[in-house]
Every structure is written in structure tokens, then in C-alpha cells.
Amino acid sequence: MTRPGLRLRDLAARWCSAKTMARVVDPVIADMQLEYEQAWSRGQHWRARRIWIASHVALLKAVVKHGGWRGVETLANMHASDWWSAARIGLWVCGAVGAVTLLLIADPVMSEVARRRHDVLQLAVWVVPSTLPIAIPIGLVVGILQALRHGGGTPASRLVIFGLALAMSVTSFALMAWIIPASNQVFRQTVGGSAVLKGPNELTLGELGQAIGDRKFEREVSTHRYRPVLAWMYHTRWSLSFAPLLLAAFAIALTSRVPRWRLARILIACVVIGVYWIALWTGERWGARTLPMLAAWAPNIAILACTVVVSRLTPRFVTS
Amino acid sequence: MPSPHPRVLTVSPKELLILDLLVRQKELYGLQLVEASKGRLKRGTVYVTLGRMEDKGFISSALEDAPPGVGGMPRRLYSATALGRRMQKAWSGGTKRLTVEFAR
Chain A
1 MTRPGLRLRD LAARWCSAKT MARVVDPVIA DMQLEYEQAW SRGQHWRARR
51 IWIASHVALL KAVVKHGGWR GVETLANMHA SDWWSAARIG LWVCGAVGAV
101 TLLLIADPVM SEVARRRHDV LQLAVWVVPS TLPIAIPIGL VVGILQALRH
151 GGGTPASRLV IFGLALAMSV TSFALMAWII PASNQVFRQT VGGSAVLKGP
201 NELTLGELGQ AIGDRKFERE VSTHRYRPVL AWMYHTRWSL SFAPLLLAAF
251 AIALTSRVPR WRLARILIAC VVIGVYWIAL WTGERWGART LPMLAAWAPN
301 IAILACTVVV SRLTPRFVTS
Chain B
1 MPSPHPRVLT VSPKELLILD LLVRQKELYG LQLVEASKGR LKRGTVYVTL
51 GRMEDKGFIS SALEDAPPGV GGMPRRLYSA TALGRRMQKA WSGGTKRLTV
101 EFAR
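Quick note, the sequences are listed as chains A and B, same order.
Per my numbering, the first sequence starts with residue 1, numbered consecutively.
Per my numbering, the second sequence starts with residue 1, numbered consecutively.
There may be inaccurate statements among the hints.
In silico DSS-like links for lysine-lysine, alpha-carbon gap of 25 Å or less [stated by the list, open to error]:
1) K14/B to K61/A
2) K89/B to K61/A
3) K14/B to K56/B
4) K14/B to K19/A
5) K56/B to K19/A
6) K42/B to K14/B
Hints are computed from structural coordinates only; laboratory data are not their basis.
Produce the complete structure using the sequences and hints provided.
In C-alpha cells, the structure reads:
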């Protein structure tokens, strides 16, 4: 019988410092192995399984709490060089997000301006919010790869990256939950010239949640869409908000594990971003009507799987 | 670079509970601390608190050999240091004041 927790320990060793391993991860796994094997040898197989689950939850809680505490400690002990490095990361990430946003809005804005319908500024105000949830994850990965092109960075720089990713996640959520629907509705009313009834894309997150269970809405407003599609839209707004955090973890893993071959890193990043958008597109095409929640979260699951695979490329610490 | 300012050592209620248990029982494993605390310490987060206490110098730990006949990874055995005992005495005795430890 393989001892429980060894695979988990192997995975944790690729992400956690030697100190975290010795102080937090190893003691929890040692307790789990002892309790699990005692219960199993007494024939209490269900109790052993319960111990296995409880220990995994306990380990997750411990690592999160320890990470938070170490984060505060790292922030308090940051030197001038760390702050300079943080500023550099911030500039690269914000610059990359800005560049991707410009690339994405260039075509629609220029074609509208060519038709002399609206001025550039007015169009940008309408289009930029809709573009940001796509530009943020792509720009974040590009910015991190560029900022950490010489290696995985210090704990301080990783902390700054997660801080940025968290801020971008919150921004994406606010955009998709409230700002984009409002902006879409203003755009429709401006173009239509009169009051226009809200469609699914113009509903805020709360309104979308209510609409899922509202047959009247489905019949009157959204005749071509079914309730599962509304559910897919609802869950996608949540899952897209988590994308910056997951992609930041992936980019850090990539810069730590593939430090030498810069071209390989860029290629892997392009493939993974491609996988993300293909999973999102596939989910909308085929999964939205059958398994909306799974279809919405599938891209994030794919990124998590890619991060685990990249983390396993080379061992960071010797594990036993 | 060591800080030029003296470190102010404080004891949180959880740390005081752990110190109480360790002073009373001499040496305990993390899981035994959880059991002895009667629900006040949780099995996952107890190690975060223990790690912090080791950093402060209140406790020390040593790896013990795997239990005979069971195998598995070695467990960590915790005990209170002299500083930990002094802190426990000071805080439990009602003094409840901040102890300033100058740079060691």
C-alpha cells in the first residue's frame, strides 16, 4: 500500500519553501500517515478515508494561513531593491495589459471612426470595459514572463505578482458583474435612440442570477437562449474573474521551472493561453446547454492542470 | 540585515495555551496538542502557530523516528524553551505586560 500524502508532499515541495515544508507540510502529512495507518490496520476503512480527507483540508488551511502570515512578514521586510523590483513588475504587467487592450480595440474603434459615426474617446469608453476581462489575463502572463525573464524572482516579487493578480481579479469581477452590463445598455440605448429592453449581456450578475429561474424572462426577452446558457453566462463571469490568479500561478511556475529557454517559455505560455480560450469557446459551443457550470469552469481547471504539469517539470527540493 | 530596534515579544491566546500545555506536559506532538486543547486548536493551523512560536524562540522542536511497526514520516516533537517558560509564567501570572527582548 502506498503511504497517503506522499504525492501531495511531492507537489507541495515544488511550491513551498524548505521552511514551510519542515514546519507545516511535513508535520501534517506525518500525522495523517500515522492516523490513517492505525485506522486501516484496525479495519476501520471508512474512518481512514475520513482522516485522509480531513488531513487534506487541514493541510490546505495550514498552507493558506502560513502563506498569508509569510506574506505579511515579507511585505514588512521589503528593502529598496524589492520595492524597485515590485515597481518594475507593476509597470510590465500594466504596460502589457494596456498593449493587449489597444490591440483588441483598434479594429472596432477604427472602423467605426472611419464611418464617422462616433468620436474615438466616446467609443473607447464603451469598448474598453468589454475588452479588459480578455486583455487582463493575456497581459498579466506576458508582463510576468517579461518581468521575470531572468528567473523565478524573489518571495517579495512573487508576493507583488499575486497582489497584482488579486487586484486584477477583483477588477475583472467588478467589470463583468456591473460595469460591462451597464456600459452595454448605454451603448444600445445610444445607438437605438430610445429605451431598449435589457438582453442577457446587459444584465448585472444579480439580475442574471434571478433570470436563470425566471421563465417570464426566458420567454419574453431571451427566446433564443435557454436557461442553461444563462447559467453558463453567470458561472463564466465568476470563473473569468479567477483567471488572473490562476494564470499568475502558472506564469510563476513557468519562470521558476523553465528558467533557461526563454523561447520555450513564450511558446508554452502561448499554447496555454490558447488552451484557455479554446476551452472557453468549446464550453460556450457545446457545454453551455448541457453542463453549464462545468463548461464555465473548464478553462480554469485546464490552467490548474497545466500549472501542476509545469510544476512537476523539475524538482525544487529533494523529496523523500 | 538585523533590525536596529529591539523586538517586542507578545503572546497570543493560542500561543499561551500551547505554552501552558507544553510547560505542563514537557513534550508533545502537534496532534496531542490539538487533543489536549479540547477543540481550541485545529489540526491544520496548529502547525502555523507552532512555526511562529519557534521563530519567536518560545518553543523548540525535534524530529522523532517513525513509530515502531507503523512506519511513515517522522513526527515533530515540541517542547517549551527557557524563554517560552518565562513568557508563560509572566503572562499566566497576571503580569500581562509586553516583554522587550533586545537584539540577541
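Item to check | Hint numbers not upheld by this structure, sorted from lowest to highest | outcome: 2
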